[in-house]
Each structure stands twice: as structure tokens, then as C-alpha cells.
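With the hints as a guide, bring the two chains together.
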Amino acid sequence: MTDSDQELLRVVYFSRFDGDHSDAEMAWEIDAILEASQRNNAKVGVTGALIFNAGVFGQVLEGPIDAVEETFDRIQMDDRHDDVTILELGRVQERAFTNWSMGFVGADQMHAQLFDRIGSATHFDISNLTGVEIFEALYALTLKNEIAMRAA
Amino acid sequence: MGQKRKHNSDTIEIATSLPSPATASNVLQGLLDINVGLIAVEADHSIIFINTQFLSLTGLATAQPGSFCGQTFSDLFPDAPIIADADTAQSASFTDAAGRPWAITWTRNPTGGWIGTLSPASAQPSALSDPGMTDDLTGLGNRVYLRHCFERLSRQPRAGCPDVVALYLDLDRFKPINDTFSHATGDGLLRKTADRLRSSLRQEDIIARVGGDEFVILLTGRDDAASEDVARRIAKLIARPFLVDGKQLTIGISIGLARLSPEAPCLDTVLQQADIALYESKNAGRGGFQWFQSHMQERLLDQQQIENDLKKAVLLEQFELLFQPQMLLDSTKITGFEALIRWHHPERGLITPDKFIHIAEQTGSIVPLGAWVLRKACETACDWPANLSVAVNVSPVQFEHESFINTVQLVLQSTNLDPSRLELEITETALLNNVDLVRARIEELRAQGVKISLDDFGIGYSSLNYLRQYPFDKVKIDQSFVREPLADQQASHIIGAVAQLGVAFGMNVLAEGVETREQLSKIRDQGCSSVQGYFLSKPISADAVDDFLKTTGGDAAFTTPPQEGEKEDDRQ
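Going line by line, the protein sequences match chains L and R.
So for the first sequence, the working numbering puts the first residue at 2; every next one is plus one.
So for the second sequence, the working numbering puts the first residue at 517; every next one is plus one.
Pulled out of the complex, with its shape left as it was, chain R reads as follows (with noise of 0.2 Å):
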């Protein structure tokens, strides 16, 4: 037993001077694994079993429990007091290497040493016992045993409020899961997740599922770094594969802290305060963990002010469409315009749409105001000459939504707009969800006569196979793809090869943010049809369409684009 290393098969062998040594085995090999920290020691304090609970808790667990045998209980942990020869029953405190605090209790073996028994040092949330607070399908807490745990904390003696840290944590692309898989998989992978999940927190810690895949920790005695540290754990454990009825599943989790302090006395502040934090480390990204901070709160007043302005602008009529002129390259035609949303919100000015749309789309107003961009877009491009047509954007939510046949069809009957001069831009976001329905829409529309484009392609999923599955009339390249640097070599491969597969399946293939004549040029070169951006023009106002098709004539031959064969140096 003296040796540092050795197998487990060393310690069975205890059990050979035993009276039954089959049954004295047992014993002992459920002593080994039971959910209890155990350590024998002899009477000159050297270690002679330790169990495999004792080494999980307290940090050990890197080594087999035999390997620990001949040492003595401080060469494990320098901070523990001496056990007293005198007492026949005696608890100690120390703590393990990570700085874990434990108390051990001591009680001397009629066969000489001591026998010790581990618990953790602070004070305890009682055990899950109560069903009213568990969560039957994870049996890890409920919200009720949050409260129960948070009160209990509370009411221990401090000066200032007690030092926890909460983390609201929420499982990212559970719902697909959920969705394609048996309700069965789904709740299998919550169990193991919940596992992992406890497996990363130290016995003190508590933690509770708050809804379908959300949970809380509330970590005790830890510092930012450390709680960090958990928060990273459990990021990298949860982003492992996971084994459900006989299937490998992958998922994510994202987490939000922050610490109860004056500002964030009570658990619902907290709690509120790590969901912000939460939402914030979704957007920024899944699969990580961000700290509550009070500028988070503002935006998210700030934002919920902009829902509730939002819905009064949709009635007030608050909102105005500029138009960007877009060009054949072929022909240098204009061709026609995109309508683009501003907000000229009454306090706070011009807002642009990447602010509030989005805003829009989660509350609803996206309809109404969808519906008044149609109207607003259709009725103006009636006072355009008949060959121009007006791309409209529509967004995923309100493209899915089931009045949004009707009111294309009620704005193009009301507007007596010939209904192949609408173009409307659909994004990759809205052919990803609901398939057929999508599919079907642009069948119905496309069948009246109106045109359909996919918008912002190349960002995203950007799939080249929608080019082939849906039957659109254009397709617009990102602008990103434009704006690179000419030197990107990638981005004009990407072009020209979206050029060619659209030339190839019959559509027209516009390029975005084209802002100089070398971006023009290389576009023309990579097979583009046509154009839009600030090279031709920014967008302008209903009013100054007229303007502009006159200084134009129509015919944007100003911008003089290259000949087909001229090279950029003989122009120079």
C-alpha cells in the first residue's frame, strides 16, 4: 500500500483478510462508488481508502482512487488540521486545491486510524425533497426551489448582500430538435443536458430549470474569473455531441450573468439583469456568455420604446420611401427602383430600417406597415413612365403571413399598377421556414405577373441551390461581394459564378453597392446584367424620380461603362 501509484485491484485486496472476502468485496466496491465522500486513514494519518465521491468533490478525480494510498490526508490538502489523537469523533475544516472550502468529519475506526466523512462547508439548501420544488422531467430544481434556495442565502449573516452571481442560461437550436425529432428526444437531451449542466457546478451551487429549455445556476463564494470559468465550462460541455435514443445530437447554450449588488438587490432583479445579458449573448453570437451591463438595459428600454413608438408611426404615417435607381448594363437603362424605408421618427429623428425593422417583425407592426410600403411604392411608380418597374422589400413575416396574397393583389387592383412593373425582394431568411408555403406563394404571385428577386444573396445560408428550387426572376448580390476590395479574388469568383448560374437558370443577376467605375467595370466583366448604388445614384426622393429621368434621359450611358474587350488601362 505504500506505493504512490497503483491499481484499483490493490485496494480489493483490503478486503481478502475479511472474515467472507466475496461479500467484504461487495461492501467495499459499493463503498468505492457510493454518492458519499469517504477516506479511511491509519492511526499514523496515511491514507488506505479513498473513495471515488471524495476525489470527484474535491478535485482528484484526474487519478484512480488505489493511487492515493500511503499518502497521508495533508500531503492531499497542506491546509488541514492534524487529526487529535484524543477525540473519538471530531470535524475539521480545509480546502481542496481549486480553494473549494470542506468540512470532514472524523470518527475514529474501533480497528485503528480514522474514518472520515466529507460534506461541503457552507451552509446548504436543503436537499431536493420536496416535489413542489422539482422539475419531474430533469429533477433538478424548479422555480420554487430557486426562491426556497435564494431566501435560505439571504438569511444568512453577512454585512452587504450575499455574493452570488446568477446565470441565466438557455439552450441554443433546441426547438428545431424538438420539432424534428419525438418530444421523447427532445426531453432525453433536457435530461442529459440538465447532467452536464450539474456536473459543472460544485455541490453549494444551485441550479433550477425556469422553462422548456431555460435554467438558472446561482453560483455562490465565486469571483468574476471564476464564475467565468463556470459559465465557459458549461458552454464547451453542452457544445459536445449528445447521444439520444441511439442519435447523435448537437446543440448550444448561451449565457447571461450578473451579480445581486445594491443596484440588483433581490432574485428577480438579478435575474432579470442575466436574461438581458442572455438576450445580448444571442445576438452577439451563440454559444457564449456575456455579463449584465447597464447600457444593455437601456437598449432594452430603448427598444421597447421604439415598439411602442412604432405602432403609433404605422398610424400616424410617419414614414417616407426613397427611391435608388437600378441599370441594364447591357443597355445602360434605368430600369427601375428599389423602394427603401425611412422613419422620421418626431423626438429622435431619422431612424434607417436595419433600426426598426427587425422591432417590426417581432411585434407584429411589420404587417401594417408592410401593407403601407406596398401602397406608398405602387401608387408612386404609376407617375413613372410604363417601362419602370418598383422592387418593394418584403419581409419574411409578413411574406408568410396569410393576408399578404391579398394585399398584393388589393394594392395592385386599387393602384391599377400592371402588376409585372412590382418586383418583390424576398430574403434567404424567408425560404428557410416553411418550405412549401414559400414555394407556393411565389408560384401564385409569379402567375399573376409579378416579378420575384432574391435580395442580399451571398450573406446568410446563400444556398445555390434556391437559385434551382425556386423559380425567382432576379437575384441581387450583397453588397459586400461588391465593396471587397477589388483585390478579393474570392468574392469576384463568387460573383461570377452566381452570374453564371443565373444567366444559366434564366434570371437576372443585379449587383448591389456598386460605388466606383472599377467596381462597375469588374461587375460587368463577372457577367452581372444589371446594377443599383451610389455609382448611378443614392437614393432619392418620390419627388426627385422625375428629376432624375430627365437629367438621365432614361439612359444612365453617362456612366460610360467600359465596351466589351476594353481593358481598364486603356481608358486611362
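Next comes chain L alone, as it looks inside the complex (with noise of 0.2 Å):
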């Protein structure tokens, strides 16, 4: 895939799981995604990242135009998504994540050694992520509302 042919399109969303989930349901949920992002979105050249907690996700999908919308839209038909807030959305010149990266960020220990094997499995590795700036509030975003969560 030569990028410098095409625009590129980013997005950055955040959205919550709808419900109560248990922790198997998370990890169910979260296998499909993965495995759905990485099947799918290669195959149409959409790469990004995605970084969760126990209630909510964060998502960075870079690609064609196209492609980036038609997966997005997927993504907007499953209805266990709530609350789908777009963050950034904008022409880029090139992508700031080539490969899918996925990883959690929540601040509950059991949660991390739960989820730790997704985020080893896709090489996540959050300080090449902080670099970015979207990310960073999208990062930011995440955690704070997890913390939020436990509060309520």
C-alpha cells in the first residue's frame, strides 16, 4: 500500500460499553475487536490503535477515506457502543500508527493482568502511543474516566 497515492483520513473517537459487562464479557468483547480490527482493516489498508478500560474505549483509525468510513460505520452498528463522540477528524499527510496496536490503560491492576496479553500479543507499547498528541488526550481521556467510574 503506497499511502503517498491516496489522502489519508484520521479519526479519533471514544465511546462507552453500554451495560454492565462482566470481566468475561470484556475479554470476549475485546477478543473480537482485535481480532475483527486486525482481519478486517488490513485487508483494506485502515491501521490505527485502540486503548481501553473496564468502560470505555478509545480509537485512532487511519487509511483511505473510504475504507476509514466504511469501518467506522461497522464499528457504529454494533450496538453494545454508547455515546460515540468523535475527537479529531481531518486529512493527514501520513499515519502515526502503521501497524494495528491495542492495549489497556485502566488504573485497576486486575483488569491489567487480565487484558496485559492483548496488549503483548499486538506489541502495544504506550510510550511509543504518548508521543502522538491525539493520543495523548484520547490516553488522558480514557484513564480519567475510569477513575470516574469507581468513584461513582
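If you are wondering where the hints come from, they were derived from the structure by calculation, not from laboratory data.
Here the structure is a predicted model, which means the values were calculated and not measured.
Think of the CB as a built atom: it goes at the ideal place given N, C-alpha and C, for glycine as much as any other residue.
Possibly wrong hints are sitting among the right ones.
Below, a sample of chain R positions facing chain L; criterion: calculated Cβ distance under 7 Å [unchecked claim]:
| # | residue |
| --- | --- |
| 1 | Gln580 |
| 2 | Arg712 |
| 3 | Gly762 |
| 4 | Gln764 |
| 5 | Arg955 |
Using 25 Å as the maximum straight-line C-alpha spacing, the simulated SDA-like pairs for lysine to any residue come out as follows [said to hold, decoys possible]:
| # | chain 1 | residue 1 | chain 2 | residue 2 |
| --- | --- | --- | --- | --- |
| 6 | R | Lys752 | L | Phe98 |
| 7 | R | Lys752 | R | Asp739 |
| 8 | R | Lys763 | R | Phe697 |
| 9 | R | Lys752 | L | Lys44 |
| 10 | L | Lys44 | R | Gly762 |
| 11 | R | Lys763 | L | Pro65 |
| 12 | R | Lys763 | L | Phe98 |
| 13 | R | Lys763 | L | Glu89 |
| 14 | L | Lys44 | R | Ser541 |
| 15 | L | Lys44 | R | Phe697 |
| 16 | R | Lys763 | L | Ala68 |
In C-alpha cells, the structure reads:
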């Protein structure tokens, strides 16, 4: 895929899990998303990153406009997501994420252990992400949200 | 394969035992993604393969395909009959967790076990293959398809009428998007909307696009609660952001529901009912759904009757103008009256404007009716002392009509009323569309000496920017801000802020709906310059104006508003 040939679109968004979910359901959900992301998105040239904790997702999608829009809409049709908020949307010159990565960014130790295997499977390295400004904001938001939820 | 939760990569490992691993892996990947529900089980009925389509159709898409390996088919669907050992091919039916019926055809796998293909249990309408039945833009069915499917449903043997719920759907705020962006963007949005709608439905449900941004869905075999679930899910999905042409678009959808019944036995009737419910749903606030109820039809008929009667009423002059005084707070002088319309219907009696003005706007009767009001108000004002003005409400439809300026000029000429004694009250709605035209009209009228007021300020959009953007002579604060309990600090702050801004922009600020001495005192403290409301007087007939002026001497000092610096406590 030669990115220089076509315009790239990047969307950064944030969504919540609808309803209460057990850790097992969360793990299923995250497996499903990771599997679908890697399988579907590689085919159409969409890369990005997904960070999650026990209640929220933050996701970056990058790629050709049509492919990103299609991927985004497929995710929108998933009934389990709620409160989908687009944080950033725009054309970009190059990708911030050339592969798929996924990582748990919650503050909860038990969850961290449960989901850590996914991080290692996708070579998720938080230090790679923090350099990207958009992701920093997303990261902070995801973390803040968990803390707020636990406080509630 | 025995573990309950595994990654997809494990599933692909099956392929490595086949002759050409690379090719087999591709084929397997294809089978995983194919648009047919597929499953393979071993001789002991444990699942070795289940594809994405199978899972999404039966509501199991929460998990990835690999995670089901090792479970048996009856673990997933307890009511499924055991696969018989003897047959080479067999069909069975089962229901999924959501209670949806399915049929599965098992074919013996030569290498052991069985391969199953999934199909919906109920008789399906034919697939969309006929171009005459397809909506080109979205790939959904069209009206012809809808009718065709409905007839198929009706032919199925059953007692009574088919179990069908019709949903009439209409996008909210689609037109502005189509107008603001290109039509290609609008088309893209419609396509994505169609995809989301389809994803909210079962395979046996019927969906068609029947107009620009209108869709119809026929649900079968669902009770009221299940139908509402569908409507709720659709409303939720459509309200989520869309990405089209690299832009974020947000719309909504309103839905009307109606069930096929002996009262609505055919497609046309049930669609008409769903459409009426949709209309109610839009009126009740967008983004929701409503079931059809018979009173809705009565109301609609009622409205149509009023429409017809309105046309006659303009001709027969069944209207009367009442006049409500306005007072300047500083001098306690009556400055003029607002003309308010009443309709004396020969059968229904007195009808207030909130019951008929919107209908007159929809049908266009507002133009001749508005012209009548203007003429009558100006004629009446000619009999008043020359220092009193008359305020006339102008509907946005009337204001934007090409004849409006001309009508005002003709009325002023023929009545010989000084243009500065005429005040035209327009609402914010008039400012929302056609900004340039409205602005030009306001300036043209003001150049002739006519005064322009902004009416009902505070409800609706109420941008303070309007006060800066348009050259109003007066701004009228909506009565809901005045009638709020005095304790409501927020309302009070708003009045104060608007009054200050008004003064800053050189406008007269009038508070509507003043009913009590306390309210009057408060309004005065907040810096409003004028008031109107029952505390001064209710709307009175043209004949009573003379008496009213005589009683008060044109000076409403009898209301004795508190003097500057005087506190409420001092007066008690």
C-alpha cells in the first residue's frame, strides 16, 4: 500500500460500553474487536490503535477515506457501544500508526493483568503512543473516565 | 480445540493439515467471511468451525468464531434436535437466544461430522433481484418491492390478518445537510443510513426506501415490545455520528409505528396510520417513535377541517382583532396596543391563534389572513390618539412572501396611518432562514419609518447575536421568563442581561405576560423599559379601547409601580 498515492483520513473517537459487563464479557468483546480489526482492517488498508479499560474505548483509525468511513460505520452498527464522540477528524499526510496496536490503559491492577496479554500480542507499547498528541488526549480521557466511574 | 476461548488464529491452524496450507488458509478465511451462515461439527457434534455470518444472524456476534470450538451445537441452541446418525442430509429447526426461528440443513461431511447451512425459518420474500423493485441509491427495495413483499406475506396461510408491524421512518435535519453540502454527500449519507437500518433488522424483515429521506420497514412475528425495541435501536444507531466524504454528519430519525389489524387490513391503510404516527412523533420532538392511535387520525381530520374552514373564514371575515395595551415604565404612559387575532368559528366557537396560525402557515392562507390583520389593525389605530402605536404580529411565512412589502405600503397609503405608529413583530424563526432577504426587508421597512420588534425572545434559539445583527426597535421578552416564580434567579438574570443589551443597542425592551405587582416591580428593577400583560389589561375589543384610555387617561399611573429606590418591604 502506497499511502502517498491517496489521501488519508484519520478519525479519533471515544465510546462507552452499553450496560454492565463482566470481565469475561469484556474479554470476549475485546478479543472480537481485536480479531475483527486485524482481519478486516488489514485488507482495506486501515491501521490504528485502540485503547480500552473496563468501561470505555478510545480508538484511532487511519487509512484511505472510503475504507476508514466504512470501518467506522461498521463499528457504529455495533449496538454495544454508546455515546460515540468523535474527537478529531481530518485528512493527514502520513499515518501515526502503521500497524494495529491495542492496549489496556486502566488503573485497575486486576484488569491490567487480565488484558495485558493482548497488549503483548499486538506489541502495544504505551511509550510509542504518548508521543502522538491526539493519542495523549485520548489516553488521558480514557483513564479519567475509569476513575470517574469507579468513584461513582 | 477443546478450550472455550481461543483466538481466530487457532481456527486457521486447521488448514495446516491440508495439502496446500496457503491456499487452504485462504479458502478457510473466505468461508469465515462469506455471507452465508456456515457451521461444521465433528461426529460427536462438537463445533470445529462456525463463521461470522452464522454468529451475527443468531445473535452470537459478541464472541469471536474461534471461541465456540469444542462446544456442541446443542450447547449453543438447546432446543435444536440431535443430528440423526443415519441420514446423509437433514433439516432441523431451532431458535436462537432472542427467540428467532431458524432452519439448518446438515450435510454429512465426507471426512467426518456434518456441515450445516443456516436459513431463516419463515417464508422469505424473494431476494432483491428485480431492478424494478430496487432503489438504485441505497440498494434497498422500493415501493413496488414493498407491495410485492406484503402480498407474499398476505398469501401465507394463517388465521386472521398477518402479524405485521409497519414502521414509517423519516430523517430529521436531512434537508439542511443536503442543502449545505453537495448532493453526493447527501446520497452518501442515505446509503450509510440504509446500511444502519438494515443492520438493525432480521433477515426476514422487509425494508424499502419510499421517498427522499423516507423509509418503510415491515416487521413480522414481533409483539409490541419487540417492535419498540427495533424502533429504539434504529433511533439510537442513526443518532450516532456518520462519516461521509471525510466529514462528520449528525442526523436523527423519527419513527411512526402501526400494526396490521382488522381496522387497518391492507398495506395502504397501515402505512397511512404509521405515517400519521410519524407526524405525531415529529411534533412531539424528534428522534423518537410513536404508535398510531385512533385519536391521532381524528386530530388530523380535525386539522384538515380547519384548513378548509380557514380559507372560507378569510373570505367571510370571521376574525376579530383584540388589543392589549403596552406601557412605558418610566412615565407610566400607555404607548400603544398589540393587535391579537381571534377566530369566531360558526360551529366551533372562539378559536385562539395557537390552534390555527400554524395551519394557515402550512397552507399559505396566512398571506391573505395576515394582510387582513394588517389592514384592520391600521384602520383601528387611525381612531386612536396620534401618540399611540399599533403592534401587529407577522408570521415568518408572511414576512418572506414576495408581496409583503407591497402589502404594508398599500395598507399605510390607504389608511393614511403614520408609518412610525406601525410596529411589526417578528419571531426568531423568521431570522433563521433566508438571512439576507430578512435583513433587507427589515431595513427597507425601517427606512419607511415602520418599527420592527423581535417577539417572544428567550424561547427557541434566542441568540443574543440577533440583537446585534438586526436593527430592531424593540425586543419583547417572552412571558415564560416573567411568569416563572419570582424565586427563579436564572430567569431573572436572563431578563436583566437582555434588558442591558437592549439598552446598549438602543432598543426598547418590553416584558410580556406581567400579571402581578411583584412581577412589575421586578421587571422594572431589571431595567426593562416597557411592559404588557394582564396586570395592565387583558386584550380588549376595538370598541373598548376608547373607554380604557378614558379611564386611565392614557396614563397607567393607577398601577403605581414602585419609585426608584423604593423597596417592596417599604410598601407593605
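Within a Cα-Cα threshold of 25 Å, do Lys752 (chain R) and Asp739 (chain R) meet the stated pairing?
holds (20 Å)
The hint names Arg712 (chain R) as touching chain L; please verify it with the least Cβ-Cβ distance against 7 Å.
holds (6 Å)
Going straight from one Cα to the other, do Lys763 (chain R) and Glu89 (chain L) come out at no more than 25 Å?
Distance of about 11 Å is within 25 Å: holds.
Holds or violated: the hint that Gln764 (chain R) contacts chain L, with Cβ atoms closer than 7 Å.
holds (5 Å)
Do the alpha carbons of Lys44 (chain L) and Ser541 (chain R) lie within 25 Å of each other, as the hint requires?
Given that 25 Å is the threshold and the Cα spacing comes to 15 Å, the pair holds.
Min Cβ distance, Gly762 (chain R) to chain L: is it shorter than 7 Å?
holds (5 Å)
Is Lys763 (chain R) within 25 Å of Pro65 (chain L), Cα to Cα?
OK: Lys763 (chain R) and Pro65 (chain L) at ~14 Å, within 25 Å.
Supplied contact hint for Arg955 (chain R), tested at 7 Å Cβ to chain L:
violated (33 Å)
Between Lys752 (chain R) and Phe98 (chain L), does the CA-CA distance stay at or below 25 Å?
Violated, at about 31 Å.
Is Lys752 (chain R) close enough to Lys44 (chain L), meaning Cα to Cα at most 25 Å?
Since the Cα atoms of Lys752 (chain R) and Lys44 (chain L) sit roughly 29 Å apart, the hinted pair is violated (cutoff 25 Å).
Starting from Lys44 (chain L), check that the Cα of Phe697 (chain R) is at most 25 Å away, please.
violated (30 Å)
Pairwise hint evaluation, Phe98 (chain L) against Lys763 (chain R), where the allowed Cα distance is 25 Å at most
holds (21 Å)
Of the numbered hints listed earlier, those contradicted by the structure are 5, 6, 9 and 15.
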